[in-house]
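There are 2 protein chains.
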Amino acid sequence: MKTHTLLMPLDMHLHLRDGVMLENVAPLTAFTFSGALIMPNLVPPVDTLEAVQSYKQRIMAAVPNDYFESYMTLFYKNYDKAFLENVVDEITAIKLYPAGITTNSEGGVSSFDIEEMRVTLEAMSELGIPLCVHGETDGFVMDREAEFMSIYELLAKNFPKLKLVMEHITTKAAVDMLDKYDNLYATITVHHLLLTLDDVVGGMMMPHHFCKPIAKRPEDLDALLGVALEAHPKVMFGSDSAPHPQHKKESCGCAAGVFTAPIALQLLTEIFEQFDKLDNLQSFVSDNAQNIYGICPEFKEVTLEKRPFVVPENYAGVVPMYAGEVIGWAIESVD
Amino acid sequence: MKTHTLLMPLDMHLHLRDGVMLENVAPLTAFTFSGALIMPNLVPPVDTLEAVQSYKQRIMAAVPNDYFESYMTLFYKNYDKAFLENVVDEITAIKLYPAGITTNSEGGVSSFDIEEMRVTLEAMSELGIPLCVHGETDGFVMDREAEFMSIYELLAKNFPKLKLVMEHITTKAAVDMLDKYDNLYATITVHHLLLTLDDVVGGMMMPHHFCKPIAKRPEDLDALLGVALEAHPKVMFGSDSAPHPQHKKESCGCAAGVFTAPIALQLLTEIFEQFDKLDNLQSFVSDNAQNIYGICPEFKEVTLEKRPFVVPENYAGVVPMYAGEVIGWAIESVD
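Same order as they appear, the protein sequences are chains H and S. Mapping the first sequence onto the working numbering, position 18 (from 1) lands on 18, and the numbers just tick up by one. Mapping the second sequence onto the working numbering, position 252 (from 1) lands on 252, and the numbers just tick up by one.
This is chain H alone, in the form it adopts within the complex:
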């Protein structure tokens, strides 16, 4: 039977939430990934040294072994340099949310005034702390990411030594931006390599495909596949896996987020095999992130096998993408 082995997979954009949800979902990621960049949009947001440290402790207490590293992020605010010097060893990046743009982002940035942000962003540049950005305006839903490109340009030009990561990109506009600035990088989710808006509202309305940013047009999907399948060196895998309780996803006014953590590697392997690009998957799911972030994850070897796998209907009350459907690859072993 055909197999494929990945070394030290990394998920460079992950939501673990907190409490019981954290305890339920963290082990699913720790099983197959060497590490993950943990998003800070808890309530209240993770915005102090103590909050980072205690959240990391809760995460590590929730995973069953020590072969998993939680790369912590701080919720972006205008911090002074002394604060950042104090926290730099505990974090891998700082995550910026425009205020109110997605789940638990109310305390985010409400205007991109470069001068107001200068102290923080220059300190981050000097300390080598990357800035991860949820890049959406509050405009029309299909235009939000493309409209945000001018803000990426503003940041990239004004802070050329700041590593800027365009998180969970969904558009050709963002792909086209990648090579315009040396300090611009991107993560791509697995669901944005599979879905367009057609899969959200083109047939029936599909809450488990509903996320922010929303899946866009066919030409956007093609552009994302283009850089992911070639493992463009500035592109990394980040699942943006976002667990919500089933009743919050399947009721009126459902919450945004696609839960992919336990099936992400299987789906990625299926996609890369389908396009005959399996040789590039290692770079996309690990090596590029190691180079961009300068991280050395714990050893982990994940072997996948090409065989039909029925995605579980739910994992502890959280419904995954493709629940109940058959996908083409399964986890065979983890060492």
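Hints are computed from structural coordinates only; laboratory data are not their basis. Quantities reported herein were computed from a predicted structural model and do not represent experimental measurements. Even for Gly, the Cβ is constructed at its ideal location relative to N, Cα and C. Some hints could be false.
[To be verified] Straight-line Cα separation of at most 30 angstroms, DSS-like style, residue types lysine-lysine; simulated pairs:
#	chain 1	residue 1	chain 2	residue 2
1	S	Lys163	S	Lys77
2	S	Lys277	S	Lys172
3	S	Lys248	S	Lys2
4	H	Lys248	S	Lys248
5	H	Lys161	H	Lys234
6	H	Lys172	S	Lys172
[Stated by the list, open to error] Only some residues are given here: those of chain H computed to face chain S with a beta carbon under 10 angstroms:
#	residue
7	Gly139
8	Val141
9	Val201
10	Met205
11	Phe210
12	Pro218
13	Asp222
14	Ala223
15	Lys249
16	Ala256
[To be verified] Covered stretches of chain S, as calculated for chain H (at least 3 residues, CB under 8 angstroms):
#	region
17	31 to 44
18	110 to 123
19	137 to 144
20	254 to 262
With chain H's structure known, arrange chain S on it following the hints.
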């Protein structure tokens, strides 16, 4: 208190379904409208003289008085002239669905071969039977209506004496098409005068705003408002009000359709007043349709009053648009 009176309102695109649902929703339309054009997409579709007659009987049995006319439609297939001559007095129009494009449309047209349709469409032209069309391709959800414009052009050019109604238009592309062909008309729903895709998936996912065709972009909304508020003489109100049981709208994979029948006139009055175009509403909700279809509805005088009205949470298990929200106008009296 400010009031506004409408005479003989007509809903030129209405889904009443059948059985208990019909009994529950038909009276809501009959209360405020003089008549409605009834869609034929039952299971099985309304495609025989007997089906038209018996469906009309069931509708009239469900409405509490005789001040309501159900203008019947036949489900488009390639019919011969003898059949159409036999049925012409019982129907007001024939409704064409591309196969599989929306609820109960599986038996629709799968290819627009003009020669195959010629006998039917020429007979309809001679007999003066308008063709109402659900104009969507099976392409990307945001492009489906715009892509269909070439088919409208093909039909309009080949059958210049056939009255063609572009149903529930949602795009600037369709608005721009209106004046290109003398024989082209359109209906517009009330929800497409209020919503864009932002209201469906821009914040939370809103199943009660999910319909086919889906609400489009802000510039499309502006174009629709442009012709509706001016009561362009080729444009009529058609609610496309589509009742689904609450559990089918609020579960995973929810059905398409917005239920507006009981609040349509109130919302229209609010919109037209907001843009200072109340004087044009009579043409949009009745006079234009009378001219286009050559129909003379029963007398009905509906007076609306400007006062806060809380939209009911549901009508016999069907959740209306804006359930529980306050709108600005209410029905004051119907004579």
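Hints, verified against the model:
Between Lys163 (chain S) and Lys77 (chain S) the CA atoms are separated by roughly 17 angstroms; this keeps the pair inside 30 angstroms, and the hint holds. Proposed proximity of Lys277 (chain S) and Lys172 (chain S) is supported: the alpha carbons are some 20 angstroms apart, at most 30 angstroms. A C-alpha spacing of about 38 angstroms is found between Lys248 (chain S) and Lys2 (chain S), which places the hinted pair above 30 angstroms, so the restraint is violated. The suggested pairing of Lys248 (chain H) with Lys248 (chain S) holds, with an alpha-carbon distance near 16 angstroms, which does not exceed 30 angstroms.
Between Lys161 (chain H) and Lys234 (chain H) the CA atoms are separated by roughly 15 angstroms; this keeps the pair inside 30 angstroms, and the hint holds. A distance of roughly 24 angstroms separates the Cα atoms of Lys172 (chain H) and Lys172 (chain S); the hinted pair therefore holds under the 30 angstroms criterion. Proximity of Gly139 (chain H) to chain S holds as hinted, the smallest CB-CB distance being about 9 angstroms (cut-off 10 angstroms). Because the beta carbon of Val141 (chain H) sits about 4 angstroms from the nearest beta carbon in chain S, less than 10 angstroms, this interface hint is met.
Annotation: interface hint on Val201 (chain H) holds; nearest CB of chain S at approximately 6 angstroms, less than 10 angstroms. The beta carbon of Met205 (chain H) is positioned within 10 angstroms of a beta carbon in chain S (closest approach about 4 angstroms), and the interface hint is therefore held. At its closest, the beta carbon of Phe210 (chain H) sits 5 angstroms from a beta carbon of chain S; the interface hint therefore holds under the 10 angstroms criterion. With a least beta-carbon distance of about 6 angstroms to chain S, the hint placing Pro218 (chain H) at the interface is held under the 10 angstroms criterion.
Restraint check, Asp222 (chain H) versus chain S: the minimum CB separation of about 12 angstroms is more than 10 angstroms; hint violated. For Ala223 (chain H), the suggested interface contact is broken, since its CB lies about 15 angstroms from the closest CB of chain S, more than 10 angstroms. The beta carbon of Lys249 (chain H) is positioned within 10 angstroms of a beta carbon in chain S (closest approach about 8 angstroms), and the interface hint is therefore held. For Ala256 (chain H), the interface hint holds, the least distance from its beta-carbon to any beta-carbon of chain S being 7 angstroms, beneath 10 angstroms.
With a cut-off of 8 angstroms between beta carbons, the region 31 to 44 of chain S has 0 residues touching chain H; three or more are needed, and the interface restraint is violated. Under the rule that three or more residues need a Cβ within less than 8 angstroms of chain H, the assignment of the region 110 to 123 of chain S is violated, with 0 such residues. A stretch counts as covered by a chain when three or more of its residues have a beta carbon under 8 angstroms from one of that chain; for the region 137 to 144 of chain S and chain H the count is 3, and the coverage holds. Note: the region 254 to 262 of chain S has 3 residues with beta-carbon separation from chain H under 8 angstroms; the three-residue rule is met and the coverage holds.
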